[in-house]
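**Student:** So the sequences go chain by chain: Z and S. Anchor point for the first sequence: position 730 equals 730 in my numbering, and the numbering is continuous, going up by one each time. Anchor point for the second sequence: position 82 equals 82 in my numbering, and the numbering is continuous, going up by one each time.
Wrong hints could be hidden among the right ones.
[Stated by the list, open to error] Straight-line Cα separation of at most 20 Å, SDA-like style, residue types lysine to any residue; simulated pairs:
#1 Lys67/S <-> Glu714/Z
#2 Lys70/S <-> Leu508/Z
#3 Lys67/S <-> Cys727/Z
#4 Lys67/S <-> Arg707/Z
#5 Lys696/Z <-> Val77/S
#6 Lys108/S <-> Arg707/Z
#7 Lys108/S <-> Glu688/Z
#8 Lys696/Z <-> Ile107/S
#9 Lys696/Z <-> Ile99/S
#10 Lys696/Z <-> Ile23/S
#11 Lys108/S <-> Val698/Z
#12 Lys67/S <-> Val698/Z
#13 Lys55/S <-> Arg707/Z
#14 Lys696/Z <-> Gln92/S
If you are wondering where the hints come from, they were derived from the structure by calculation, not from laboratory data.
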Amino acid sequence: VEFAFISFALLAQVIFGIGIFFPKISKLAWLASIVTYGAVFISLVLFKLPPQVELGNSVAFFQFSFIFDHLSLSFLRLISFIGFFINIFAHKYFKKPEESARASGFLTLFGVSMMGLVASNNLLLMFVFWEFTTLLSFLMIAFDREQEQARLSALRALLVTGAGGLCFLAAVCLISWQAETLDLAQLFLAPQGLLSSTYVGAIAFLILLSALSKSAQFPFHFWLPGAMSAPAPVSAFLHSATMVKAGIFLLIRFNPLLGELSWWHPTLLAFGLVTAIYAGLQAYRYQDLKQVLAYSTVSALGLIVAVIGIGTEFALRAAFIFILVHAFYKAGLFMSVGILEKIYGTRDLDKMSGLLKISPILGGSVLLLSLAMMGMPPFLGFVGKELIYESAFVAPHLGGIVITALIVINALNFGLAAKVVRVLFPKSKVEALYHPTFFLNSGVYAFSLVGLLLPYALSNISFWHGFSPALFASLMTFLLGFLFYYYQTKMNQAVGAISSKFPVAIDLFDKALNLIMSLSRNTTKIFFSRRHIDSVLVFVAVMALLAWFALYELWPNLSWKGEQENVSFMLIFVSLLIVIPLTFCLLLKDHLALVLAAGLSGLGVGLYYLLFSGPDLALTQILVDTFLLILFVFVTRRIRPGEYRFSLFEKRVRLFFSFCLALPAAYILSALRSSNEISRISTFFAQESYSMAFGKNVVNVILVDFRSFDTLGEITVLAVAAIGVLCLGKVKKVKS
Amino acid sequence: MTNYFLLGTTRLLVPIQMSISIILLLRGHNEPGGGFIAGLMSAAALTFYFLANDKIHVWVGKIGARKLIKIGLIMAVIAGLWGFFVHGVFLQAVWLFGISLPIVGDIKLGSVLLFDLGVFVLVIGFVMQMLESLSQETL
Numbered sequence: 001v002e003f004a005f006i007s008f009a010l011l012a013q014v015i016f017g018i019g020i021f022f023p024k025i026s027k028l029a030w031l032a033s034i035v036t037y038g039a040v041f042i043s044l045v046l047f048k049l050p051p052q053v054e055l056g057n058s059v060a061f062f063q064f065s066f067i068f069d070h071l072s073l074s075f076l077r078l079i080s081f082i083g084f085f086i087n088i089f090a091h092k093y094f095k096k097p098e099e100s101a102r103a104s105g106f107l108t109l110f111g112v113s114m115m116g117l118v119a120s121n122n123l124l125l126m127f128v129f130w131e132f133t134t135l136l137s138f139l140m141i142a143f144d145r146e147q148e149q150a151r152l153s154a155l156r157a158l159l160v161t162g163a164g165g166l167c168f169l170a171a172v173c174l175i176s177w178q179a180e181t182l183d184l185a186q187l188f189l190a191p192q193g194l195l196s197s198t199y200v201g202a203i204a205f206l207i208l209l210s211a212l213s214k215s216a217q218f219p220f221h222f223w224l225p226g227a228m229s230a231p232a233p234v235s236a237f238l239h240s241a242t243m244v245k246a247g248i249f250l251l252i253r254f255n256p257l258l259g260e261l262s263w264w265h266p267t268l269l270a271f272g273l274v275t276a277i278y279a280g281l282q283a284y285r286y287q288d289l290k291q292v293l294a295y296s297t298v299s300a301l302g303l304i305v306a307v308i309g310i311g312t313e314f315a316l317r318a319a320f321i322f323i324l325v326h327a328f329y330k331a332g333l334f335m336s337v338g339i340l341e342k343i344y345g346t347r348d349l350d351k352m353s354g355l356l357k358i359s360p361i362l363g364g365s366v367l368l369l370s371l372a373m374m375g376m377p378p379f380l381g382f383v384g385k386e387l388i389y390e391s392a393f394v395a396p397h398l399g400g401i402v403i404t405a406l407i408v409i410n411a412l413n414f415g416l417a418a419k420v421v422r423v424l425f426p427k428s429k430v431e432a433l434y435h436p437t438f439f440l441n442s443g444v445y446a447f448s449l450v451g452l453l454l455p456y457a458l459s460n461i462s463f464w465h466g467f468s469p470a471l472f473a474s475l476m477t478f479l480l481g482f483l484f485y486y487y488q489t490k491m492n493q494a495v496g497a498i499s500s501k502f503p504v505a506i507d508l509f510d511k512a513l514n515l516i517m518s519l520s521r522n523t524t525k526i527f528f529s530r531r532h533i534d535s536v537l538v539f540v541a542v543m544a545l546l547a548w549f550a551l552y553e554l555w556p557n558l559s560w561k562g563e564q565e566n567v568s569f570m571l572i573f574v575s576l577l578i579v580i581p582l583t584f585c586l587l588l589k590d591h592l593a594l595v596l597a598a599g600l601s602g603l604g605v606g607l608y609y610l611l612f613s614g615p616d617l618a619l620t621q622i623l624v625d626t627f628l629l630i631l632f633v634f635v636t637r638r639i640r641p642g643e644y645r646f647s648l649f650e651k652r653v654r655l656f657f658s659f660c661l662a663l664p665a666a667y668i669l670s671a672l673r674s675s676n677e678i679s680r681i682s683t684f685f686a687q688e689s690y691s692m693a694f695g696k697n698v699v700n701v702i703l704v705d706f707r708s709f710d711t712l713g714e715i716t717v718l719a720v721a722a723i724g725v726l727c728l729g730k731v732k733k734v735k736s
Numbered sequence: 001m002t003n004y005f006l007l008g009t010t011r012l013l014v015p016i017q018m019s020i021s022i023i024l025l026l027r028g029h030n031e032p033g034g035g036f037i038a039g040l041m042s043a044a045a046l047t048f049y050f051l052a053n054d055k056i057h058v059w060v061g062k063i064g065a066r067k068l069i070k071i072g073l074i075m076a077v078i079a080g081l082w083g084f085f086v087h088g089v090f091l092q093a094v095w096l097f098g099i100s101l102p103i104v105g106d107i108k109l110g111s112v113l114l115f116d117l118g119v120f121v122l123v124i125g126f127v128m129q130m131l132e133s134l135s136q137e138t139l
C-alpha cells in the first residue's frame, strides 16, 4: 500500500506541474492522473491488504510515518474511487483546455493531501495535509477568479477553515507538550499521559472546534453554501464527498481517546442535531438546486456528527456506513447538477423538468441517486438509515427526543430528495441546450450503481432486521418526509419568519471581519506613516528599546576587562575611513554625495573584515556596497528635490534615537569581545568543516552545508523581494 | 547618448569579470568564493554592461530575470531533494566524485555545488530584476 500511496503522491506532483505549466498537454496530465487514481484504488481493493488493525503499526517512509488501519484504509478507498470518476468528469466538464488542466492539477493535488491526511501517523504531518486541503479548497472555490462573489466566498471559507486549522495546530502543540509524542500510534497505545493531564479539556475543545469548522457545523456552517460558487466537479469532490468529511474523520480518529471525557459525546450530539435540523429546514427555502444540495450536505454532516455523539461502537459503524452512503449519492448529485446546468442553462429547480425524456439513462441515474438519498429499501441509504436508528435505540440513556430529532432530520432529507426527483418529470416544455456525452455522465452512472450494489458487496450488512423499532422509525420517516415535501411552502414561510428574527451567521462573521480589518488598519497607521522614512524611525526606536532591555538582562554577566588590543596603523586608517564619511553623511545635503559618502564607509567596513582575516565577508561587503551605490543612483534620480528634508526638531528626534540604539549596542559588543564567553560554535565549525563537509572554506561550508536550510530560506526571501521590486517599478510607472 | 570610453571598457572587462566569477563559484568550497559572491560578481559585470549599453545583456535578456530567479530556486530545492532521497535528510550533502581543473583546482561535484549554482543564478536574476524595475522610468 505504502508503495502505491507514495508513488501516487509523487506522480501527482509531476502531473500538477505539467498541468500548470503546459496547458497544451493537459490531456496527457489528465490521463496520467486517472491512471494513478485507478492504480491506487485497485491496489487497495484487489490485493485486499490486511489492514494493520493494531494501532501500534505504522509504516515509515523516510521520516514520515503512515497508519493503515480500517479507518484510514476505508477513507483511502473512498477518496481514490470518487477521485477517479471526478477526474474524468472534470476533464469533460471544462471547455477550455487551460481550465481543465488547472482543475486536474488542483483536484489531483487535493486527492493526495486528503489521502495523506487520513493516512498520516504523525500529528504534525496530518496538520500539514489538513492545511493543504484548506488551501486547495480556497483555490478551487475561487476557481472563477474574475467573479467577485467567488473570491469573497473563497476568502470566507479560507478564514473559517483556516481558523479551525490553527485550533488543530494548537491542539497538536498541547498534545506534544503533555503526552510528549506526536505519534498517533504511540498516543493510542499509552493514552494515560494525555488523559490525566489538566489540559485534556482544552485539547478536546480545540479539536472539536477545528472539526466543526472543517465539517461546516453550526455556527460555522455558512462557508459551505458559499463554497458552491466552485465549479461542479469541485463541489462534488471537496464540498460533499471528501474535504468536509475531514473534520468527521478527525472526530472518529480521536474518539477512542477523547470519548473518555464525559462532555465529549453529548456536545457532539447537540451540535450535530442542531446543525442537521437547522440546515435541513433552510434547504427548503432555496430554488437553486446547488444551494439545496449544499444545505442538505450540511444537514447530513450534522447527522453524522450526531451519530458519532451517540458514542457506542455500533453507532460509530452506523456513522461510517452513512459516510459512505452520503459520499456516493451526494457526489453523484453534485455532478448531475453540473450536467443539468449545461442542459437547461440554469440551476433553478422550477425551470428544469422532464429530464427522463431528454436523457433517459441520466434521468434514471439521478432517480437512483435520489432514492438512495431518501433511504429507500433496496439502496445502501436505507441500510445506513436503519443502522442509525438501531444504534439510537440500542444505545443506553438516550431520550426519546434524540430519536425524534433523528427521524425529523431524515424526513427533511427525504423531502429534499423528493424536490430533486420532481426535475425528472415533465412540468413545462423545456428545450435541452446540450446533450451530455457518455464520459461526462460516467461518474453519475457509477455512483448511482454503487449506491444500489454496495450493500451486496459488504457482507456484514442485511436489509431485513425484522419488525424492529428501527423499521417503524423508517416508516415514520417516509410519512413525515412526504408531509414536509407536501407542505413545504407553508413551512418555508414559518421558517423564514423565525429566522428573520435572528441575525444571520454570515453577517455576524462579516461584521467581525470588518472590525478586525479596521483595527489592524488603525494599528498599522500608527506604526507606518505615509513616509517610509518615518517607519525607519519606529524601527530604530523599537530596536533601541530591545537593546536597552538586553543590556539590562546581560548586565550582571558583562564585565569590561579593558583588554589592550594591538592597535596597528592600518586599523586606525580603516576606522577613520568608516567614521569620516559617515560624519559627512550628517552634513551633506545633496543626495548623490550622501550616497557616495555612505558607500565609502561601506568600503571601509569591507577593509575592516579583510584586516580580521575574513576574505569572504570582505568580498561580499564590497560587492554589495557597490551594488547599493548603483541602485541608489537609480533611485536618487526619482527623488524630487526637497522631498526628504527634515525640520530641526525631526533631526533632533532622530539623533536621540540613534544614540539610544548605538550606546547599548556598542557597549554589549565590546564587552562580549573582551569576555571569554565567546561562543564556541566557530571553533566547532572550523574543526568539523573539512572532515564532515569536505570544504576548507568555513564560511562557504556553513552557507551551503551546515546551515543550508537557512540559505534556502534566505534565497527564497530574495525571490520574494524580487517580486516586491517588480511591483514597485510597476506602481511608479502607472503614477508617472 | 553612448559613452564610447565606457563601452570600450566593458568589452574588455565584462568577459574577465565573468570568468573570475565562475572561478569563484567553482572553488568556493575550499577558498574564498561561493555562489553568493560569484553571483554578485557576475551581476556586477552585467550591471556594468547595462550602464554602458543602456540595455540588459543579451544572455540574461533572453532568459529573463524572473526566470533566472525561478531556475535558481528550483535548483536549490532539487539539491535539497537529492539529499533527501539519498540520505533521507533534506539538504544533506551528496558527493559524487572529484575532478581537478586548471586554475580552479580540485573540486567535488555533488548536491552542494548544485545548491551553490542555484544561489549563483538566483542572485544574478535578483540584481537584474532590480535594475530592470528601477530603470524603467529613468531610461
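**Student:** Decide, hint by hint, whether the structure agrees.
**Tutor:** Evaluation of the provided hints:
1. Lys67/S <-> Glu714/Z: 18 Å, holds
2. Lys70/S <-> Leu508/Z: 42 Å, violated
3. Lys67/S <-> Cys727/Z: Holds: lysine 67/S and cysteine 727/Z sit about 16 Å apart, inside 20 Å.
4. Lys67/S <-> Arg707/Z: Between lysine 67/S and arginine 707/Z the Cα gap is close to 26 Å, so the pair fails against 20 Å, i.e. violated.
5. Lys696/Z <-> Val77/S: 24 Å, violated
6. Lys108/S <-> Arg707/Z: Holds, at roughly 19 Å.
7. Lys108/S <-> Glu688/Z: 18 Å, holds
8. Lys696/Z <-> Ile107/S: 11 Å, holds
9. Lys696/Z <-> Ile99/S: 16 Å, holds
10. Lys696/Z <-> Ile23/S: Satisfied, since the Cα-Cα distance of roughly 16 Å is no more than 20 Å.
11. Lys108/S <-> Val698/Z: Holds - the C-alpha atoms of valine 698/Z and lysine 108/S are around 16 Å apart, at most 20 Å.
12. Lys67/S <-> Val698/Z: Roughly 31 Å separates the two Cα atoms, so the pair is violated.
13. Lys55/S <-> Arg707/Z: 37 Å, violated
14. Lys696/Z <-> Gln92/S: 18 Å, holds
The structure does not agree with the numbered hints 2, 4, 5, 12, 13 stated previously, though it agrees with the rest.
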